[in-house]
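As a plain string of letters, each chain reads:
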Amino acid sequence: MTRYFTKDHEWIEVDGDTGTVGITDYAQGQLGDITFVELPAEGASVGKGDAVSVVDSVKAASDVYSPVSGTVDQANAALADEPELVNSDAEKGGWLFRLTLTDPAELDGLMDEAAYKAFVEAL
Amino acid sequence: MSAANAAGWRPTMGDTTPQGENFTTKSGDYGLMLEEPLSFEIGGREKCGVDLDDPQGAPVAGLPLRKAAPDLPGLTEPETVRHYTRLSRQNYAIDLGPFPLGSCTMKHNPRLNEKVSRLPGFADVHPLQPQSSVQGALGVINELAHWLIALTGMHGVAMTPKAGAHGELCGLLCIKAAIEARGEQRGVILVPESAHGTNPATAAFAGFKVESIPANAAGRVDLEALKARLGPDIAGIMITNPNTCGLFEPDMKAISDAVHAIGGYVYCDGANFNAIVGKVRPGDLGIDAMHINLHKTFSTPHGGGGPGSGPVVLSEALSPYGPLPFTAKTADGVIHLVEEENAQAFDHSQGFGRMSAFHGQMGMFTRALTYILSHGADGLQQVAEDAVLNANYVLRSLEDVLQAPFAESGPCMHEALFSDRGFADGFSTQDVAKGLIDEGFHPMTVYFPLVVHGAMLVEPTETESKSGLDRFIASLRSLAERAKAGDRSLHSAPHFAPRRRLDETLAARKPILVWKGEPGPAGLPSPSEIGDR
Chain B
1 MTRYFTKDHE WIEVDGDTGT VGITDYAQGQ LGDITFVELP AEGASVGKGD
51 AVSVVDSVKA ASDVYSPVSG TVDQANAALA DEPELVNSDA EKGGWLFRLT
101 LTDPAELDGL MDEAAYKAFV EAL
Chain U
124 MSAANAAGWR PTMGDTTPQG ENFTTKSGDY GLMLEEPLSF EIGGREKCGV
174 DLDDPQGAPV AGLPLRKAAP DLPGLTEPET VRHYTRLSRQ NYAIDLGPFP
224 LGSCTMKHNP RLNEKVSRLP GFADVHPLQP QSSVQGALGV INELAHWLIA
274 LTGMHGVAMT PKAGAHGELC GLLCIKAAIE ARGEQRGVIL VPESAHGTNP
324 ATAAFAGFKV ESIPANAAGR VDLEALKARL GPDIAGIMIT NPNTCGLFEP
374 DMKAISDAVH AIGGYVYCDG ANFNAIVGKV RPGDLGIDAM HINLHKTFST
424 PHGGGGPGSG PVVLSEALSP YGPLPFTAKT ADGVIHLVEE ENAQAFDHSQ
474 GFGRMSAFHG QMGMFTRALT YILSHGADGL QQVAEDAVLN ANYVLRSLED
524 VLQAPFAESG PCMHEALFSD RGFADGFSTQ DVAKGLIDEG FHPMTVYFPL
574 VVHGAMLVEP TETESKSGLD RFIASLRSLA ERAKAGDRSL HSAPHFAPRR
624 RLDETLAARK PILVWKGEPG PAGLPSPSEI GDR
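Chains as they are written, first to last, in the numbering used here: chain B, 1 to 123; chain U, 124 to 656.
It should be emphasised that the hints constitute simulated quantities derived from the structure, not laboratory data. Treat the numbers as computed from the prediction; the structure is a model and nothing was measured. Glycine included, each C-beta is placed from N, C-alpha and C at the ideal position. Treat each hint with caution, since some may be false.
Derived DEER-like restraints, expressed as beta-carbon distance ranges [to be verified]: (1) U:Gly310 / B:Ala114: 37 to 43 Å; (2) U:Leu188 / B:Gly47: 53 to 59 Å; (3) B:Ala60 / U:Tyr215: 20 to 26 Å; (4) B:Asp50 / U:Pro373: 49 to 55 Å; (5) U:Gly306 / B:Lys7: 35 to 41 Å; (6) B:Leu123 / U:Ser612: 46 to 52 Å; (7) B:Gly47 / U:Asp380: 45 to 51 Å; (8) U:Leu636 / B:Gly47: 47 to 53 Å; (9) U:Ala341 / B:Ala105: 46 to 52 Å; (10) U:Arg352 / B:Ala114: 27 to 33 Å; (11) B:Ala41 / U:Gly151: 46 to 52 Å; (12) U:Gly151 / B:Glu113: 35 to 41 Å.
In silico lysine to aspartate or glutamate, EDC-like type, Cα no more than 16 Å apart, as pairs [to be verified]: (13) U:Lys633 / B:Asp17; (14) U:Lys633 / B:Asp56; (15) U:Lys332 / B:Asp56; (16) U:Lys332 / B:Asp50; (17) B:Lys48 / B:Asp89.
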């Protein structure tokens with residue numbers, strides 16, 4: 001399994017042709033307490049860079065962009081009752097959705113963990 | 124001796140009790156700051172403020188009948204009056220003090236406006252009255268329309284939109300109609316990062332796809348990024364000028380020309396027109412549609428949800444598609460209301476529809492026209508000058524203690540923007556905002572615009588005096604210094620408001636929207652106890 005990161009602070013963990021997407025721990029820290037997560041519909045086909053999910057916090061409502069193109073297989077149902085999972089466990093239990101990648105080559109444009117760390121430190 | 128009582132001419136207000144900090148009163152009220160329960164908690168079924176007659180006649184057959192009395196609280200008349208008066212005392216309003224909300228333009232509402240709007244000839248008319256009996260009221264709409272067109276250098280105006288975002292929708296529907304009339308399909312509206320938050324929402328609501336254009340390092344639209352995105356799928360751009368960073372877009376004409384060159388239209392969010400009224404005519408900048416918030420620039424009251432009024436001025440290209448109804452004066456001096464049945468006679472057959480059932484916000488029209496006529500052309504210019512001067516006074520008075528991200532790029536317009544850079548670890552914009560409540564001020568706009576970290580957006584408006592601004596600046600300076608020094612007491616502010624810091628997260632995650640508490644003193648019987656009475 002390999003984990004990639006975007007400039008918009010999403011992470012995607014890829015296992016075969018399945019990717020699990022969430023927002024980074026840095027992003028949740030910037031947003032503050034998350035109060036609601038709007039998730040993509042299962043079965044929806046999404047393009048790379050499409051706004052597919054919305055994370056509401058006490059400060060702002062923020063779009064989450066799909067790091068790659070694909071078909072949404074599953075959304076994290078636990079977030080309906082516990083949006084705070086995105087705060088407490090952003091890069092694991094607070095995942096947003098899983099998709100089947102249609103073009104794995106799109107991953108090449110994303111950052112690895114070290115590059116993302118450097119990107120955040122430069123902000 | 125406090126700063127507010129420097130001469131010592133009145134007794135000092137105590138902030139501690141002889142009994143110590145945790146003293147509570149028997150009633151739960153403190154001095155004359157009164158707590159107020161819900162009307163359901165005051166009310167009971169044994170009392171009622173009005174005498175109601177027993178229902179007469181037989182029930183209409185076939186209609187569902189209520190089997191139980193509604194569970195409404197009975198209050199006496201004085202209890203009702205006190206309930207709402209007490210609640211009103213917990214409110215904060217522009218008539219109580221400065222309201223420095225950036226992007227909202229909370230300024231003084233001149234009493235002359237109020238006097239004129241209450242004249243019976245304006246206040247007591249009905250929208251369905253014969254037009255011959257309301258020529259004066261129609262004349263106000265027509266005259267105001269004339270001045271809005273003159274001040275903006277535009278071709279036409281739709282007076283009916285009820286607020287800023289409603290005006291945005293009206294403008295975009297005009298753009299949509301114009302594109303359809305050309306037989307084209309253009310589905311994308313570009314929205315710069317420095318635009319008002321309502322702009323992308325409006326474009327999406329009107330059925331367009333929204334794409335963002337980045338801001339450059341100076342807080343303005345990145346012209347090259349914009350040009351790179353222009354193409355045949357672009358319906359237009361929604362731009363806020365002056366923008367929400369409080370900055371004027373110097374490339375506005377170049378932006379308009381570029382968008383026009385590919386067949387698109389330029390919508391300008393005119394919410395910040397108070398910074399440029401009498402100085403710049405948006406029509407000269409190539410703008411095709413712009414709403415004007417009468418409740419901002421032209422000082423009609425707002426807050427608490429209304430009433431707004433958002434007329435939209437239109438270019439010659441978009442005017443044919445504007446909504447009905449509108450006013451038109453014929454050579455005989457009669458003012459007509461142009462509706463569906465006479466639209467063709469007034470050469471307006473391509474209008475996209477209507478934005479409201481009737482003429483628009485009449486009460487706001489009378490106030491705005493009073494404001495325009497009482498200020499005159501020179502007075503309106505001074506409005507813009509003073510709004511900009513006051514904002515720059517705030518910006519320059521605080522930039523040594525608060526980081527001002529765009530202060531280097533020249534003077535700001537109507538609002539000053541600061542960030543939370545430099546605060547001690549763990550201290551945020553929210554702590555400063557809550558501290559302002561303790562200082563007796565409504566907080567500024569926080570965490571907006573999003574392009575600035577921990578944004579604090581202050582719009583003093585032209586109606587605050589220098590001494591009033593100095594008091595506000597002194598308070599904000601002290602709070603900024605406390606946040607930088609890591610003064611932990613700021614974390615629990617406000618300390619002196621009727622409520623301490625509220626748990627906004629819990630309120631948003633687990634809101635309690637329905638009262639299910641204990642009934643009032645006498646006890647409201649439940650619907651099942653009332654039975655089939």
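Evaluated hints:
| no. | hint | verdict |
| --- | --- | --- |
| 1 | U:Gly310 / B:Ala114: 37 to 43 Å | 40 Å, holds |
| 2 | U:Leu188 / B:Gly47: 53 to 59 Å | 55 Å, holds |
| 3 | B:Ala60 / U:Tyr215: 20 to 26 Å | 23 Å, holds |
| 4 | B:Asp50 / U:Pro373: 49 to 55 Å | 33 Å, violated |
| 5 | U:Gly306 / B:Lys7: 35 to 41 Å | 39 Å, holds |
| 6 | B:Leu123 / U:Ser612: 46 to 52 Å | 30 Å, violated |
| 7 | B:Gly47 / U:Asp380: 45 to 51 Å | 32 Å, violated |
| 8 | U:Leu636 / B:Gly47: 47 to 53 Å | 37 Å, violated |
| 9 | U:Ala341 / B:Ala105: 46 to 52 Å | 37 Å, violated |
| 10 | U:Arg352 / B:Ala114: 27 to 33 Å | 32 Å, holds |
| 11 | B:Ala41 / U:Gly151: 46 to 52 Å | 49 Å, holds |
| 12 | U:Gly151 / B:Glu113: 35 to 41 Å | 55 Å, violated |
| 13 | U:Lys633 / B:Asp17 | 37 Å, violated |
| 14 | U:Lys633 / B:Asp56 | 14 Å, holds |
| 15 | U:Lys332 / B:Asp56 | 21 Å, violated |
| 16 | U:Lys332 / B:Asp50 | 11 Å, holds |
| 17 | B:Lys48 / B:Asp89 | 25 Å, violated |
In this structure, the earlier hints numbered 4, 6, 7, 8, 9, 12, 13, 15 and 17 are contradicted, and the remaining ones agree with it.
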